[in-house]
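A.B. asks: First to last, the protein sequences are chains A and B. Numbered by the working numbering, the letters in the first sequence go through residues 8 to 370 in order. Numbered by the working numbering, the letters in the second sequence go through residues 8 to 370 in order.
Worth flagging that the hints you see were computed from the coordinates, not collected in a lab. On a predicted model such as this, the values are computed, not experimentally measured, just so you know. Be aware that a few hints might be false.
Put simply, identical chains are the same to the list, so a pair is met inside one copy or across any two.
Stated by the list, open to error - Below are the DSS-like pairs computed for lysine-lysine, each with C-alpha atoms no more than 27 angstroms apart in a straight line:
hint : residue 1 : residue 2
1    : 158       : 39
2    : 288       : 58
3    : 158       : 98
4    : 70        : 158
5    : 58        : 10
6    : 288       : 302
7    : 98        : 365
8    : 365       : 10
Here's the letter readout for the chains.
Number of protein chains: 2
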Amino acid sequence: MAKIIVKTERYSYPITIDTGLIHNLASFLPLKANDQVMLVTNQTLAPLYLKSLLITLEGNGIKVDQVVLPDGEQYKSLTGLEQIFAALSEKFHGRDTTLIALGGGVIGDLTGFAAACYQRGVRFIQVPTTLLAQVDAAIGGKTAINHAMSKNMIGAFHQPISVVIDLDFLQTLPKSEFISGLAEVIKYAIALDSDFFVWLENNIEDLLARDTTALRYCIRRCCELKAGIVAIDEREENGQRALLNLGHTYGHAIEVAMGYGTWSHGQAVAAGMVMAAETAKLLGQFATADIERIKVLLLRAGLPTHGPDTMTAESYLPYMQRDKKVLAGELRLILPTGIGQSEIRSGIPSHIVIKAIKHSQIS
Amino acid sequence: MAKIIVKTERYSYPITIDTGLIHNLASFLPLKANDQVMLVTNQTLAPLYLKSLLITLEGNGIKVDQVVLPDGEQYKSLTGLEQIFAALSEKFHGRDTTLIALGGGVIGDLTGFAAACYQRGVRFIQVPTTLLAQVDAAIGGKTAINHAMSKNMIGAFHQPISVVIDLDFLQTLPKSEFISGLAEVIKYAIALDSDFFVWLENNIEDLLARDTTALRYCIRRCCELKAGIVAIDEREENGQRALLNLGHTYGHAIEVAMGYGTWSHGQAVAAGMVMAAETAKLLGQFATADIERIKVLLLRAGLPTHGPDTMTAESYLPYMQRDKKVLAGELRLILPTGIGQSEIRSGIPSHIVIKAIKHSQIS
Ligand SMILES: NC(=O)c1ccc[n+]([C@@H]2O[C@H](COP(=O)([O-])OP(=O)(O)OC[C@H]3O[C@@H](n4cnc5c(N)ncnc54)[C@H](O)[C@@H]3O)[C@@H](O)[C@H]2O)c1
Ligand SMILES: NC(=O)c1ccc[n+]([C@@H]2O[C@H](COP(=O)([O-])OP(=O)(O)OC[C@H]3O[C@@H](n4cnc5c(N)ncnc54)[C@H](O)[C@@H]3O)[C@@H](O)[C@H]2O)c1
Ligand SMILES: [Zn+2]
Ligand SMILES: [Zn+2]
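Required output: the full structure, derived from the provided sequences and hints.
C.D. replies: Listed below in structure tokens is the structure:
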């Protein structure tokens, strides 16, 4: 069992990584007999894991109410939120209640935001079930819902009191979701840790086979990296946390232009990381050989290395920056400065970005 | 001009108290030319003050967009929130925007919560226009909206960057609203400051005449008291901030049982404070003479000293505590221990509370 401590402004909390965790009340400390819990999950996960988790909690005297939402990003919204508030209110949950999010990033972000707002903030525990949520979404207290066309527009920084990562969940995760999560894993390596990149080059097949030993190391390393970033930049104020958005600005353009869901988030981020590396290369700060290493690893993971053929390089720009700076022809982007290191760069001319996207498309 | 500094966990901010503040950009520092602002107000206040405020802001090069909501507590809701988010999104406001709440507690609580959630938190300035908001709601960062039947069920602790208290606003406030605010003023005195209680005994007529000198002192003193409490208990965690709920648990029963709006909040709190004093007296910690002083002051302020005749003492209990402790016959209440001091007391038998309410009714 691995334990990682996330240090934040107001308190510290543990990430626990192991198999079989949902069968053991100790995983859910400080929960104890007679505590009141609202468990939030979705209709895909409920038949797989709800019963086991209930046996662990109720078997130990914890009073559990539930909200089982339909599956889908569209429930990470005011609609989903209302359902959680209605249940909390109906069952008379007070300020001492604890919410548990059993699910991927959708359930985690929604439940976390509900916990942030209910009675101005109650405790919550993340029990992430996707690879993306285990290495990224469940850690660090960014919670949010979508509004109209804007993703994550309404949210809060609200830290969980514990993150319970049961590796067994990943065995039932659809392959496409698993691969999408691998894009974020590779992102950590490119942005922050060259040794981890080498480890991934050596172990990507074991990961794809969902070998428990490989998963355990990989998830642990990602969690350590994220915890390190959160400790120094909890609220995305000093630029450190922004490094975790490597590839995301380009990828965002793909997701929005193609319509959300057409390309998975991981596919879009994978292509976006190659574009970021190509941009860095044009700015004279990234080697061609390292772009090749990135592309090879992405391909071995089952991820794309360039954007959709139907998108011209020029068509990315309007989606890449919401504010007016992009109109003045300058962008602010996260760029790698080598494998394992990255930085925020402002004032990047848009023609460089267009050229970089073109390079990624033809090579 | 009075300036009071509110010290909170993450930063300190000023409360500025004076006449004529909305005509002076300096009141709104750190706002400066080219900043983007979303001004939120309601249809009652817009014709009175919006134009003046716009002249001050736009005349100094600040880019202002507006949301003018209908007047009423029912817009302190997801509906009102959606309108603010829609405007922010439509006008491309980014993380560097500033929301300004021009209004009473309704606009302040709603706008503050919108600021807490929009892009996980943006800056906001409180410009309170009611006595209640100037002495209480606008200070200390408690923001919230109502949900279904529950008041303030969804919210956040999110501090403003500045509170601008222009005394001129109070000249147009309806008398009933002014008197309702006086109940909170008297609350501060009973709960925290016996000298201030004496000052109120000596100056209540000047206050009722809305004399600027009296208002200035009174509001300043309340703000100092609230700032002191917020500094030691920002998130209502150690019991200090709860003292400001003196009279509110009893008052809440009146407001809910009679239907919100039938009794004003201030009227309900006034009656509730007498009930709290009667309870304290039954517990042997409050003198009869002090109950008389409280009642005389409330009456001079135009406030009631007992609850509605249609409510029996027994009928208060189900509304006084949401959780199950009340069923076990024990309550947790804020009680005065003298004029100018108060405490939280747990385990108060419900028969004592019933007797105290009866005493307030007959005397
Ligand atoms: N808060 C953050 O810091 C952060 C970071 C990254 C992403 N996110 C958010 O996370 C969301 C995406 O999360 P996601 O990729 O986990 O998607 P998701 O939560 O929608 O899960 C993907 C799919 O897999 C299913 N599923 C989940 N676990 C399963 C399991 N163990 N077995 C079988 N099926 C399973 C889900 O029901 C769903 O259909 C987005 O809304 C994104 O904005 C948040
Ligand atoms: N956040 C806190 O700490 C806190 C504390 C106390 C109360 N509150 C909240 O505050 C709200 C009540 O606030 P309120 O009493 O200010 O009510 P309000 O905001 O509804 O204002 C009362 C009425 O007076 C009108 N008005 C306001 N200023 C005026 C002016 N200068 N001239 C003429 N008319 C004016 C308003 O349009 C409204 O009709 C409640 O929702 C309550 O929950 C919050
Ligand atoms: Zn991502
Ligand atoms: Zn009040």
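A.B. asks: Determine for every hint whether it applies to the structure shown.
C.D. replies: Here's how the hints hold up against the structure:
Taking the shortest alpha-carbon separations for residue 158 and residue 39, neither the intra-copy value of 36 angstroms nor the inter-copy value of 30 angstroms comes in at or below 27 angstroms. Taking the closest pair of Cα atoms, residue 288 and residue 58 never come within 27 angstroms of each other, the shortest separation being 52 angstroms inside a single copy and 53 angstroms across copies. Taking the shortest alpha-carbon separations for residue 158 and residue 98, only the inter-copy value of 16 angstroms comes in at or below 27 angstroms, while the best intra-copy value is 30 angstroms. With identical chains, the CA atoms of residue 70 and residue 158 are at most 27 angstroms apart between copies only, with a shortest distance of 25 angstroms across copies and 34 angstroms within one.
Within a single copy, residue 58 and residue 10 get their C-alpha atoms as close as 26 angstroms, which meets the 27 angstroms cut-off; across copies the closest is 58 angstroms, which misses it. In the homo-oligomer, the alpha carbons of residue 288 and residue 302 lie at most 27 angstroms apart inside one protomer (14 angstroms), although the nearest pairing across protomers, at 78 angstroms, exceeds that limit. In this assembly of identical chains, the alpha carbons of residue 98 and residue 365 never lie at most 27 angstroms apart, being 56 angstroms within a copy and 32 angstroms across copies at closest. Taking CA atoms no more than 27 angstroms apart as the test, residue 365 paired with residue 10 passes in neither setting, with 44 angstroms inside one copy and 58 angstroms between copies.
Violated hints for the displayed structure, listed by number in ascending order: 1, 2, 7, 8.
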